[in-house]
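Enquirer: Spelled out, the chains give:
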Amino acid sequence: MGGALPGPGSGPTPFSLIAFDAARSVYDAPVIAFFVAIASLTTLIVVHRLSERRTRRGPAWDCGFPDPSPATQYTASSFAQPLRRVYGAAAFAAQETVVMPPPGDMRPARFSVVVVDHLWRVFYAAPGRAVIGLSERLNVLQFLTIRRYLVLMFVTLVILLSIAAVTT
Amino acid sequence: MTRDLVVQFLAQGAQMTLVLLIAPLAVGVVRRVKARLMRRQGPPLLQAYLDLAKLLRKESVIAEGASWLFRSAPYLIFALTWVAAALVPSFASGLMFNWAADVVALVAVLGAARALLALAGMDVGTSFGGIGSSREMMIATLAEPAMMLIVVTLAIAAGTTRLAGVADFFIAEPFAVRVSLALSLISLVIVALAENARIPVDNPATHLELTMVHEAMVLEYSGRHLALIEAASHLKLALYLSLLICLFAPFGMAPATAGLSGWAIGLAAWIAKLLAGAVLLGVWEVSIAKMRVFRLPDFVGIAFVFGFIAILLAFLTRGVFA
Amino acid sequence: MNQAYEIAHLLAGVMLVTSFALLYQERVAAVLNAFAAQSITLALAVAWAAWSDDRPDLFITALIALTLKGIVIPVALHRTVARLGIHREVEKVVGVGAALMVGLALTGLAQALVLKVATGMASHAREDLALALAIILLGFLMMIVRRNAVTQVVGFMSMENGLILAATGARGMPLVVEVSVAFSVLISLFVFAVFVFRIRERFDTVDLEALDRMRGDRR
Amino acid sequence: MIHAYQLVVLIPYAAALILVAVPGYRVGAAANVAASAATFAAGLWLVVGEGIVSDYAIVDEFNIVFIAINTLVGFTTALFSASYIGHEIETGRLSPSFVRFYHAMFQAMMGSMNLSLIANNIGVMWVGLELATLITVVMVGLYRTPQAIEAAWKYFILASVGISLAFFGTILIYLAGQPALGEGVPAMTWSLLQAASARMDPAILDLAFIFLLIGYGTKVGLAPLHAWLPDAHAEGPTPISAVLSGLLLNVALYALLRFKMLVAGQPAALDPGPVMVVMGLVSLIFAAFMLYQRRDIKRLFAYSSIEHMGLIVFAFGMGGPLANFAGLLHMAMHSLTKSGIFFAVGHIAQAKGTQRIAEIRGLSVTHPRLAVVFALAVLAICGMPPFGVFTSEFLILTTTFAREPWLALLPAFGLLIGFGALLMRLQDTMFGEPVGPAHHVSASSVPMVLHLLLVLAAGIFLPPVLVAWFQRAAELLG
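Chains as they are written, first to last, in my numbering: chain H, 1 to 168; chain V, 1 to 322; chain R, 1 to 219; chain Y, 1 to 478.
For the record, the hints were derived by calculation from the structure and aren't laboratory data. Every residue gets a Cβ at the ideal spot worked out from N, C-alpha and C, and that includes glycine. Accuracy of the hints is not assured; some may be wrong.
Said to hold, decoys possible - What follows is a list of derived Cβ distance ranges for each label pair:
id, chain 1, residue 1, chain 2, residue 2, range
1, H, V166, V, A108, 50 to 58 Å
2, Y, R472, V, I302, 55 to 63 Å
3, H, P127, Y, A21, 56 to 64 Å
4, R, G13, Y, A30, 56 to 64 Å
5, H, V166, Y, F413, 25 to 33 Å
Claimed, not checked - Some chain H residues well away from chain V (every beta-carbon gap over 10 Å; in silico):
id, residue
6, A93
7, G104
8, M106
Pulled out of the complex, with its shape left as it was, chain H reads as follows (with noise of 0.2 Å):
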């Protein structure tokens, strides 16, 4: 009868997580985060030991931007960008259009970017629409008249009497 998983404690420490074998591989979250935390305390104490500890608050290095206004922060489309420029063609389909007025022309130039995201389409929302149109077709069951249900329950009856009356 189906493989039992490892007991706890097999693996070299009593926290070990085995998917299969200990030689095969371990995972050991409790061990690691000792050892995080010893490290950063001995960076920690030793650093403050060893260095000047004197911090000083000064301005940012503004290169460019002297003023720190809410208009130059980063925000989560720019900080997607490099992403996007990066796979938009591939999976993104993403289609830039660009409305570069004539010269003279006081109107400003546009740009604009379609995105589609195909991973999203065929993932996502494609089983999403499948799985609630399934259960809208199926949510017929759910108003029936108590003389179906009835029904229900005889082709059941009769269905599984008649395996039994077909199988020896």
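Once you've looked at the hints, dock chains V, R and Y against the given chain H.
Expert: Coordinates of chains V, R and Y only, in the frame set by chain H:
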């Protein structure tokens, strides 16, 4: 039993200290090799140590508006990288800590350090930090999957994702040169270049606004914080060199059962290989130009493609490995 | 002894025939009469079993079948039909012919199932079981192919007649009397509910307006 | 000397008789809690005591699991209902005399379920279960609104047909056992039947199991026999919904499993496993899809119960020590979690004055503490770690995967679909602009927090004693 544990613990501690001590030397070697190839005198080999010492002595300037995250991130980044470096077998494969995590966990620990760095980069709110963080993350989306593909290839080949196990496997079969492993090697080299912000992905020696990635993130740091970040990046370089050595040139590494003499040989071999790797990196960096940021996907993408092909081949020839 | 089984078998056969008669009827009053006939036959069958097996407690069951299902309930339902102005006609989902065909198929299924039973069981007991199974299935069929609330109740009670027949056929089975009393209570509740909640036409609706207002979730 | 197994049945029945006569709903509620606590104590006594096999009663490793859950949830539900039912009188939904009736019926129902659980006689088992069913029918119609009466009526008819079919199955089991055990009581005694199962006629056993599956399966809520379940849950008083989902479904399942053990003892009979696997999967996947269209919060969780009963039946259908263990564990976890959810839903219905999901919005703003408990409970029923439901679902899926990798995809798919629906509805109720009234909730939050903590504790650490206990029960199931 207890004595064993103590020895193991000491060996582990020795490795952690060693990696920490030797990492700046590797960086010094890279810089020196580059300078000599450019017919410059170049800094002394120990310049990286001196830089760190100097930074530690300077006072830290913290931008107004920086939060606690900004101040605590360097310590955590350093600690995470250090622990990650300790996870990679260097001179011996049977150290205690190698058991605690496999290469998947290693990637995750490095990923945590990277995420912290990106957050710290954006903490002050200047545009440079943001540019650096977003670009770093963009590179990560390419490098990390490639890294995982390499892991899978190795796991198929050696039957384990534990680095020590993989190393033991290659020690046992030193001349098992196979196409899929060669592809993995190329792939891992590319990933290592990208992760360590080396040419052609990034240039560690410049602060050009348009192209910098790593340096843009740490622009606000100074004094002891900068020293920690620098030390972390040195460690990361040593880590990736060790990883390459451990996976593709493990000869000389002491197996799990080796005694002190085995460890001594392993240590010497490791240092020699590490420095040789640093020399090779220097030669590589001189002979190639920095890429435009948005050409990077093509370059790192090679790693992904090679990693993928390597997996397919590994699956096809699994009969050989089994 | 053999003769005792012959008579029991005959009565069970008559019950099956009345089951078909229930499906065959076009008018509610006739359905009720057929049901009364079935219940009285059941009472005779149970009484016969009580006498021939020497189990006097079964006479209680026979008495209940006779008075409650043979007389009281049919009479009450007759009056209900008249009082509530329920359709006198049986409302059919499928026609009489189709219902009878399905009924025949079910009887065949019951026979086929019981034929598989090993011969370890006495042959007349097997036959009784087949008849009871057929009566139960036909009662169930009656519940689903007839729309009228009264005919549906009759279907249920016919099913229950089959159950009592099977229970008395299982020689020496304990609790039969208790269960038959419990079922009588259940049936009375059924009839009572039809009466009190004024379930006029069908099982489905307690009140036609309520049906329009709500149906499960669609509020 | 009265034994504990008699107490589990006698205390509730005696309490029911007394409660009929107790005027004043506060005294009645207190007496209800006291009786349930006493029953729970008797249940615990049974847990630590020796097993019993007599002509009419049986207490073995298998049914003690059910008895323990039954008495525990009965006790917590009584606690909840004591603080809940007062509000129903204030709002005028129930009159004091109805509450008195409610308390008496509650005890009678608990007694009947316990009777069914400890019965060694398959006829008595049937009587107990049917009595409990009929009492819940009355309880469902307690509010006497048209919807409640329609729900009760639907429940009554479908349950009655189920009752009849299950009784026919019981007769058939008697007929099958009669040649081996002789006439009379022995051929209806489960432990004797079990011992003689290899000598029973396989064809009659097949026939009997089909009728029992349809009859008791109706009460388990297996699709397509489930139709009564969502409406009965939605329209009855909330404590009754909790008992229905948490206990009555289990008792019906228990009866089914006892007969499965009988049939499994005769190798020539049809294997009940595949049928149960198929019906379990149909229920699981069907209910998962139905969750998406629900507008009533109690009906939503009623469908979730169908989903989980499907999964449990699937696990028992797979059979084998590991799957049975996982099935039993999941049943226990589901009982605790789902009744806890219904307690929380009762709170929400009091706070918002409605059961419609569309009118329950922004709960995290108006009732932050209740919202947190509710959200955790829903996440627990979704199978999120670290709650116990995760452990059991994980075990069911892994043991299936180890034996039939492709088959494991189906329950995983169903659970995933259900997870999506529950999360979607959870979000609807938690966030958004609060609408409608936001009353103060008077009901006690102790029961639901207690259930949640138990499930959490089971998810983090299953005591080896408990594991060994469940394993012995699983082995009995074969």
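Enquirer: Determine for every hint whether it applies to the structure shown.
Expert: Status of the hints after comparison with the structure:
1. V166/H - A108/V: 50 to 58 Å: holds (56 Å)
2. R472/Y - I302/V: 55 to 63 Å: Once the Cβ atoms are compared, 59 Å apart, the range 55 to 63 Å for I302/V and R472/Y holds.
3. P127/H - A21/Y: 56 to 64 Å: holds (59 Å)
4. G13/R - A30/Y: 56 to 64 Å: Hint holds: Cβ distance 60 Å, inside 56 to 64 Å.
5. V166/H - F413/Y: 25 to 33 Å: 30 Å Cβ-Cβ, so the 25 to 33 Å window holds.
6. A93: Label holds. Min Cβ-Cβ 16 Å, cutoff 10 Å.
7. G104: holds (32 Å)
8. M106: holds (29 Å)
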